[in-house]
Amino acid sequence: MKIAGPGGLLTSSFIPKIKRQKHYLPAVVANHSSNEGMLIDFGTILSGHFLCDIAADYLGQVAFMYAEELNADGTISFDSSISGTYGVTDEAHGINAGDPIIQKDVIKKTEQEIFQFENQFCYHSFRYVLVKTEPDTGSFEELLSNVRAYSLHTDLASVSKFHSSSDELNRLWEAAQNTRLNNIHSYFEDCTRERFGYGGDIVALIDSQLYSHDMHKLLKKVFMDFAYDQTPAGGIPQTAPYVGIMTNGTSNGAGSLGWQLVFPVLASRIGQYYQDTAFVQEHLPELLKHLEYLLAFDFDYIRYCCLGDWGSVDAGIQNRRIVSPDQEFCSASMYLILLEEYKALFAAHNVSETMMETLELRIVEARSAIIDLFRNEDGSFSSGTQSSTIFALKAGLHRNEAEKHQLERNLIERIQKEDGVFRFGIFGMSWAYTILSELGEDDLICNWLSRRQEPNYLSMLTNGNQTLSEYFPLQSGTNKLQGSLNHAMFSSYTVWMMEKLVGISVKKDCSIQLAPYFATDLTEMNGSLLTAQGEIEAQWVRTDANNFMYSVTLPESMDYDFRLGYAYRIINKEITASGDGRETIKLSLQVADPIEAVRWGNA
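Going by UniProt numbering, the letters in the sequence shown line up with residues 1 to 603, in that order.
Simulated from the structure, these hints should not be mistaken for lab results.
Fair warning: this is a prediction, and the values are worked out from it, not measured in the lab.
Do not take every clue at face value.
[Said to hold, decoys possible] Lysine-lysine pairs mimicking PhoX-like chemistry, simulated, CA-CA at most 20 Å apart:
1) K19 to K217
2) K17 to K2
3) K19 to K221
4) K343 to K17
5) K132 to K161
6) K404 to K161
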């Protein structure tokens, strides 16, 4: 018998390596009778390694069990850190098919010498470590010493900084950074319990990743992962590496449309943000193969092949399966969004005129069909949820400017009607921060991020945790789903924090825009972003209710577009050299009244 080995070409790794990062010491160590062992609390959730020394005179079995949370009675809970059950019975190891898979290390100590335990070939997601021994030990304090932990992730270079006068916003920035890094180990994972490279999660977070760390090499590696697992027909899998998941996929081995969107999106960011068009050109055959695959389906079939706006608080459960709000409409729209992504990508590359004409024709047909199927008389789509409205805007489902403005009004009014809660899933949430900001609705975004009533982001950070959750917690008990407490899929808000609060953004053509938003509740802000053209540092201080001091330091040779808007006027401007070919621009700003604002215009 012959068994085929791995395919592909074995090449040297070119991405940063996985390394231990932050060092953690226990916040609390206590014998816990209800847990029947010693409970170690590190004070926050981390993904990484646990280390300790086991006393020389102890002989027997020591088990370390890892969890992210406790139950209300203080007992340890594994609900958020397990992804399923064993599924098989193993009597020799005392395992039943229905037993949950718990993150656990077991040491059988047989020699009377200090045993230095540390994770080496795996990592865990945990805040709590429950220690159990067999036979029982009289004193856990004498059993273990030098207890510590390290976070662990791919060693990516940071490219940004953020600090404001709001402790809550600072914590949200840090939590987003922590959670994304907790889920990067040579590829982008969805969460620390499943650890799958879901394409949809990558799409939702890619811009926040670019504004956080140098992702150039990792993006190329992840693109190659998806290219390697491309199906013979041209489909892109739900995850890379492919693990068999293809929920609502287009065909055997291929994922759902929103998850296949990862392929052109990765190529777009590699080519545009990192200006690596040579890499995209090299992989043009795989990209064209994917597009040809997508175009081969009848619209009436492929429009169902998606999970819609996954993760929305409005999601329901039908026939024991999660259903996103207006899923049928959002799925059809995702097909159009995918085609539009390819149109934009291929506009910068040598693609045949015939292919571009075919693509344009399918885009026109799909847009017309979706409008005919789902548009209501009031300009809304499907049932008019936040998800359907943001998808309609992203897909350009309007025939004229009047219809576009109606959609924009519908979105804003819907959010206001629903008490300012952003009810989007992972895609809609990511797009909303950009679309609403472009509409001048930064106040709406700021209020959402600082919201205290359920649902909200800040409740994810209770009890000292510095990570984000898979779902927005509802303490009232109305949560339909139990998710991971170390999941980054809703961390896309840091793009808005950089582009509007700090006021630095990199546009699709790599041009730099400086457009700060002076949030009412903030007195100061400072941050920086390292771009391909050099580092930009920006800060502003509110000197009183109507006056600000704004400054930005950047390379003297950098071209940028400064947009102040009509609400402010420049009282004074200074430009000074900062050394090393850099300059600092200082502006004294004053709030302009409506009449003056018309005269001053953009600064």
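Out of the numbered hints, which ones does the structure contradict? Those not satisfied are hints 2, 4, 5, 6.
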